[in-house]
Structure formats: structure tokens, C-alpha cells
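So the sequence shown is residues -22 to -1, 1 to 282, counted in mature numbering (1 follows the signal peptide of the UniProt record, and there is no 0).
Hints are not guaranteed to be accurate.
Taking lysine to aspartate or glutamate and the EDC-like style, the derived pairs with C-alpha atoms no more than 20 Å apart in a straight line are [stated by the list, open to error]:
{"#": "1", "residue 1": "166", "residue 2": "101"}
{"#": "2", "residue 1": "12", "residue 2": "40"}
{"#": "3", "residue 1": "12", "residue 2": "61"}
{"#": "4", "residue 1": "166", "residue 2": "123"}
The set of hints was computed from the structure by calculation and includes no laboratory data.
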Amino acid sequence: MAPLLPLLLLPVLLLVGGAADAFPVSCSNATCGKHEIRYPFWLNSSASDGNCGYPGLGLACEDAMLMLPVHSHRYRVQHIDYDMRIVAIYDADLDVYGAGCPRLHANLTLDYASSWLQLTSSDSNITFLYNCRKNISWFLSSARELSGCSQGEYDTKRSYVLPDVATTGTEAYECEEVVVAPVLGVHKTEMVDPPGGSPPLTNWTFGGVVGAGFQLTYNTHSEQCDRCEKSHGWCGYQRKESASSGLRFTCFCDGGPTADRCSTYASPSPALLFFGFLLIRVPDANVHPLRLRKYSFSCLFLCR
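Turn these sequences into a full structure, and let the hints guide you.
Shown next, in the form of C-alpha cells:
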């Protein structure tokens, strides 16, 4: 029987190769610096025609720093909690300005009806108003002026941060740009009402609160993906041929991709049937044929 071993091992290799081909490259775990990237997140560099993971959770690895693009704006990933399904991020614009003027450029907008990412109950926000023609401090006692934000020696416009005021009515201050920055509520509370006294608020204080980040939760967002994951599959999405047609759903399973969910009963694959057939047809001199046939028939359906 020894000369037949290579032939008998061939179906096993086919089975292993078939299972590997069932999942695209984007399903594989990856690393970026200290971060482990796994489903439902995926690296943009591994994206292919069969993206594995949730839309909007594609990550970019830049110089060992993990970035999450949201509407083309970059947010730096601090941590991903796969058990709690939470990702902690902060606006990457802060990496450019450091301790100077905390100049932000984008408002985070998430459509609660269509986004796989949502803000959590732990989040709050503070508002930045840049290059305002009017002195907001005359109107709002909570407004804090930012230093170092002017664009030149003769620039008379001022920039402010509103720790606890909504953006409603800010157009009256004639500011060039208003940015609402998500922050963790606990950090905002410590900034506005610090324990043991009130040290002066500075650029570093505001930038530090924004740099401490905020949290987003992610979910399957659809019953279709729920069904796939409950059947031990992984959800995948890809653009249809017509860009206006939206995304096409795929459920990646051990037995190959499907359009809905993984089968609850895995029927024997052709390679496994062939392997069982060889065991039945090729008796060993040291094994009773009836015993071999009985074992092979059982293993054909149970030993998977």
C-alpha cells in the first residue's frame, strides 16, 4: 500500500487547497505596526474583486500607522476591540499641527440608515470656529480663543473653541469654517470641569482632548449578513458592474462563496468521495477488507 500513498494524499491536498480558495485574500489576518487586522476589517492593499468584511471598514497601513478613511478623511486607529465591536480613532489632522493651533478640516458625518459605523453613547463633541470676524467671547462666555491660528501678522480674524455649545447660530459670528469634533464625553467633562481646580485652558488642552479620540461601533447592518455570520460564514461585498447598482453581497464559506448563507449540512466533496472510493477499492494485506470498507464508509461522512 505504501507506493499508493502519494496518490491517496492528492485528494487531501485538493481539499486543503479548495478551502483556501474559498476565502479571498482580504479575509486573511494582517498586521500594521502593533495592530492586528482581522474580519470584519480588511486592508485596502489586499482588496480584490471579492472583498471580505464590511463596507467602510477598509484600513490603510501608512508607516506602521493604521488609518481608517471615513468619506475620504483620515482617522488614526488607536485600538480595535473585536469582542466589543468598537474601534477607537482620532482625527489624523492633529498629527500635522502638534501642539500648535489644533486645525481640523472635516466634520464627521455618519448616515445612521446606511453606515456600518456609528457613534457610541460614550461620545460627545466640541466645536471649533476658525477665522471669525467677530469676537465670540463678547457673546459666549464659554468660548475660548485659540492661539497661533492667525494666517499672518496683520490677520485680525480669530479662532475659538466652544466646549459646551452647539453649532446652531454660529453663522452669525462670520467664521470661515466650523468643525464639530467628536470626543469622549469623559475627557470633555474633565476639560470643562476639572477636578481640584480649573487650570487655564490652552491649545494643548483642546488638542489633547481631540487627540484622546472617540469611539465608533460597527455592526452587520443587515439581516443578510446576520444570516451569513450565524451560519459560520464571513460577509463580503463588491461593486456590481454598474456603479449605480450598488453592492453585491457574498457569504464566504468553507465550501466556497454563496449568495446567502453557508449550508447547514456540508455534503461530501468530490475529492473526499474519491478518497473514500480508493480506501474501499484498495485493500491492505494487513487489514481485513470488511473492516476497511466499514471504516471507510463511516469516515466518508463523519471524519471531517
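Are residue 12 and residue 61 close enough, with their CA atoms no more than 20 Å apart?
18 Å, holds
- Task: Take a quick look at whether residue 166 and residue 101 sit within 20 Å of each other, Cα to Cα.
- Result: The given pair, whose Cα atoms are some 9 Å apart, holds under the 20 Å limit.
Holds or violated: residue 12 to residue 40, with C-alpha atoms at most 20 Å apart:
Distance of about 13 Å is within 20 Å: holds.
Pairwise hint evaluation, residue 123 against residue 166, where the allowed Cα distance is 20 Å at most
Given pair residue 166, residue 123 holds - Cα atoms ~17 Å apart, limit 20 Å.
Of the numbered hints stated above, none is contradicted by the structure.
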